[in-house]
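Asks: Sequence:
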Amino acid sequence: MVISKMEKTTWIRGKPIGHGKYGVVSLAKINHHLLPLVIVVKSSGYFVSRSIREERKILTQLQDCSQIIHCYGDSVTFEDGFPIYNLLLEYASGGSLHDRIVCSGGGLPESEARCYTCSIHRDLSHIHKCRFVHCDLKPENLLLVPSSLSSNKGWSSVKIADFGFSKRVGEDMLCRKDGMMLRTTPLYAAPESINFCLYESCSDTMKNFGSQRCPFSIDTL
Numbered sequence: 001m002v003i004s005k006m007e008k009t010t011w012i013r014g015k016p017i018g019h020g021k022y023g024v025v026s027l028a029k030i031n032h033h034l035l036p037l038v039i040v041v042k043s044s045g046y047f048v049s050r051s052i053r054e055e056r057k058i059l060t061q062l063q064d065c066s067q068i069i070h071c072y073g074d075s076v077t078f079e080d081g082f083p084i085y086n087l088l089l090e091y092a093s094g095g096s097l098h099d100r101i102v103c104s105g106g107g108l109p110e111s112e113a114r115c116y117t118c119s120i121h122r123d124l125s126h127i128h129k130c131r132f133v134h135c136d137l138k139p140e141n142l143l144l145v146p147s148s149l150s151s152n153k154g155w156s157s158v159k160i161a162d163f164g165f166s167k168r169v170g171e172d173m174l175c176r177k178d179g180m181m182l183r184t185t186p187l188y189a190a191p192e193s194i195n196f197c198l199y200e201s202c203s204d205t206m207k208n209f210g211s212q213r214c215p216f217s218i219d220t221l
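Note that full-length UniProt numbering numbers the sequence shown so that position 218 is 218, with each residue one more than the last.
Be a bit skeptical, because a hint or two may be false.
Stated by the list, open to error - With a straight-line cut-off of 27 Å between C-alpha atoms, the simulated DSS-like cross-links for lysine-lysine are:
#1 57 - 15
#2 29 - 15
#3 57 - 29
#4 129 - 57
#5 21 - 57
#6 29 - 129
#7 167 - 57
#8 167 - 129
I should point out that these hints are in silico values taken from the structure, not numbers from a laboratory. What you are looking at is a predicted structure, and each value in this text was computed from that prediction instead of being measured.
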């Protein structure tokens, strides 16, 4: 258990719920009257946390969009003598769109998929107007939170998350020809991102987001 204080706010790390190249994602409880009791903390060793720190900067600039996962700040803790960078994020209790697809038996009802698609398209438009490209749009990075809107017919609201690969429109990038430094998940990437390492607004595509089928296969990459 890790207890940390951030701007007079105490949060306590709970059980881990995921991990990736960036580090570990854990549940946490926070003591602040303006914040929800349960949040998520994305953590990584400070000296290898560049992508998470960049994500923090991007989320700060997109904070006026309610359909993007909310960032509550960051903090640095010391665990076993090593500095750990922690990004405090909104907890999506409904899991990911990928989880929802799996639970549905492999494919969403058309009406539900249409609702999510409209929401994702609107959120992407906001991201692009702010001159950012997500670069890694996929069901695993689309999180579900309870919706209070009667128009949603009991479905959850979808929020875009994980901006660790994101970039500004027009920002130059280094990319090796062999694809080892791709800034995306290949099976969901636009062809030009794979072939030419191009990542612009048109590269944020939504393909087969209502089913378990990836839009591309290893053989077609």
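Asks: Hint compliance check: list the failing hint numbers for this structure, sorted ascending.
Replies: 6
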